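**Student:** Whole structure, please, built from the sequences with the hints as guidance.
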Amino acid sequence: MAMATKLSIKALYKIFGERGDEAMRLIESGKTKDEILAETGATVGVNDVSVDIEEGEIFVVMGLSGSGKSTLIRMLNGLIAPTSGTITIDGDDIAHCSDEKIREIRRQKISMVFQHFALFPHKTILENAAFGLKIKGVGVAERNERARKSLAQVGLEQYADSYPEQLSGGMQQRVGLARGLAAEPQVLLMDEPFGALDPLIRRDMQEELLELQRSLGKTIVFITHDLNEALILGDKIAIMKGGRFVQVGTAEEIVGSPADAYVEAFTKDIDRSRVFPAQRVAKPAEALQKADLVAPSALSAMERLGRDAIYVVENGKPVGVLRYRDAQGALQNAGGDCLSALVTSFPKADRKKPIFELYPLARKGLPIAIVDDADQLIGVVEPETIFAELAGDDETVEEEAALKTAAE
Amino acid sequence: MYSPADMLEIPFADWVDDFVRGFLVPTFRPVFRAMQEPVDFLMQNLDAFLNAVPWLIFAAVLGLIAWRTAGRGMAIFTVLALAFIDMIGLWSETMTTLSMIITAVVFCIVLGVPLGIAAARSDKFLSILRPILDIMQTIPSFVYLVPIVMLFGVGTVPGVIATIIFALPPIIRLTNLGIRNVRGDLIEAAKAFGSTPRQILWEVQLPLALRTIMAGLNQTLMLALSMVVIAALIGAGGLGLTVNTGLGRLAVGTATAGGVGIVLLAIILDRITQGLGEAKKRTDESKSVKGTVSRLLKPIFGGSRSTEPAE
Ligand SMILES: Nc1ncnc2c1ncn2[C@@H]1O[C@H](COP(=O)(O)OP(=O)(O)OP(=O)(O)O)[C@@H](O)[C@H]1O
Ligand SMILES: [Mg+2]
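Chains as they are written, first to last, in the numbering used here: chain A, 1 to 408; chain B, 1 to 311.
These are calculated hints, taken from the structure and not from any lab test.
Careful: at least some of the hints might be erroneous.
What the hints assert, rightly or not - Label-pair distances were calculated between CB atoms; the ranges are: (1) B:183 - A:140: 23 to 31 Å; (2) B:27 - A:141: 52 to 60 Å; (3) B:185 - A:141: 50 to 58 Å; (4) B:222 - A:11: 43 to 51 Å; (5) B:123 - A:17: 17 to 25 Å; (6) A:264 - B:124: 21 to 29 Å.
Said to hold, decoys possible - With a cut-off of at most 25 Å between alpha-carbon atoms, the simulated DMTMM-like pairs for lysine to aspartate or glutamate come out as follows: (7) A:136 - A:161; (8) A:241 - A:161; (9) A:218 - B:188; (10) A:123 - B:188; (11) A:134 - B:185; (12) A:241 - A:372; (13) A:136 - B:185; (14) A:109 - B:188; (15) B:124 - A:99; (16) A:101 - B:14; (17) A:123 - B:6; (18) A:136 - B:86; (19) B:124 - A:18; (20) A:109 - B:185; (21) A:236 - A:204; (22) A:283 - A:372; (23) A:101 - B:188; (24) A:134 - B:40.
Predicted, not measured: the structure shown is a model, and the values here were computed from it.
Built from N, CA and C at the ideal position, the CB exists for glycine as well.
**Tutor:** Right under this line is the structure:
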């Protein structure tokens, strides 16, 4: 997939308070946020953040309360002006453009879902959802229809004529979500958009969001407190502390090699099977070519590898799996022709699939074929590995990973 | 006994006379004339119109408005009060007073709401405006009459202008307050979707400030009513004139009748404008002092009240 940078953030700082210049100097001399607050009374909101966010990517920002997440996301659409640094969207500098330009960008490209909902109490749910479209100048019939659609997406179309105060917190949050979606922006800024939702709806909304991103290629900046959520959603995850990004990476990188103790503390209670993709625990396929397939060599290969089944490929694509006892049977009964003994309804998974999703496949008792986007076999995962993984046996993952690296 | 006047006497009154008569009036007479025009126009037409409307129709319309805004009890009260006014022979005076009040309030809205909005948008403007409003509200209402008479002469229109100036501050103040009190996160949300300042004003600030603005309107109206008698001193007609002539001739009955007319009008207008404000606020009725007062008065002036919004 060809990626273009959608949002580019360079050396971004935000300091709240009067003595900003002084605080900047102290930052340069390496003082911490707390020291600067004590010395100057200025609060460091965001401290030297640089990152490129690619088009169609979900970029998750995580961090403890007060680490500067909301400040950062609100600079991205110009609600807060940075103390220094630049933010560009498609090459336009948000921090240093005219009011007219920034309004244009907000109407056409970016919308926002607020941490504390910020619904308009005097407008109905439908009017709230249609707000962005109204501001853009979309006619009343069309905007109501589109707003209804996005209310349906969050499951609230039957509340269209209610007022925000008549809805529960979680429902209000979903209205905020619908308002953000209805504007059909290219970039969605979401400040803890699922914070007030119960776990079931939260899952639904996460699925919805992933679907949106996959089907419409939206770029999403997503703030959360919940690392599990970050890992499920994030193509890239940034961990923030005291206004800084302490680590930016994929879910795997964050969990697999935390940059420091702070990140490690975050990742401690993580369900690794949700984070690591299948390829991480896959072992080399050692597959046999369909053209050369004969029972004796197949049997000896399995014996050599210590496996009781082996994959057979044609042009790199898996066509079936041969079990040890089937190969033996073929040798005795069919005179060594094993093609008919191949199991062709074999379990197969994309290499990016999280491990926990392989569980239903593992129940067949056959090794799982791990393929890439072009359906090429790149490895296999034994059912035992999956079961061990789901039993919460960390060691296995590490061992398998180590094995895999060693094998490469 | 020593007195500073032995040393120096300042002919202050003469100076003011010279300034106003010698400079202000001749130089700006056209300006003041022009300012009178729209007030005069609205006032004349309203007065003619209200006096032409038959009692029955007027009572029916105002009764209906009272019913929709302040409830059934208030509607009955309104009709009875209007009947009483007609029976004591003050209908025409009441209509004149009403047209003065309406004219004054219309101009207060036209001037006050934009000024209030401007004050809410600019701290600097507010800091200039605030002392002026303070002075306007501390000057006794009689004192207004002097410059008004000098600049505008005597008659109903100068009376209305005095009323406008006197009644203007609350609507400015409360428009400013209402807009400034709109939650910051809602303004942010509106901005985040690309609203222009004008869109923010119309979509978010004004609707959310409406209740406060209505409270300001109510106060402005009450101040305007309180100027009715005073404006009569410089030649304005209506119920104020009735009271004044009654007082001048020591005719207790006439003065009291005029006074009762004013009070009845005040009650009707107060309850209707309060009702307008409350119709908009939907649920939380008990927050304002006004709300409390109105609920205290409710048993006296009306029974059940419809809570339907007046749409
Ligand atoms: N308007 C402001 N004026 C002064 N300081 C501010 C302002 N907004 C935020 N801050 C400070 O900036 C820091 C970061 O705040 P921010 O709201 O970005 O945190 P956050 O990561 O979003 O926290 P949470 O998870 O609780 O929402 C805090 O120390 C806060 O006190
Ligand atoms: Mg926050």
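**Student:** Can you name, in rising order, the numbers of the hints this structure does not satisfy?
**Tutor:** Violated hints: 3, 4, 6, 8, 12, 16, 17, 18 and 24; rest satisfied.
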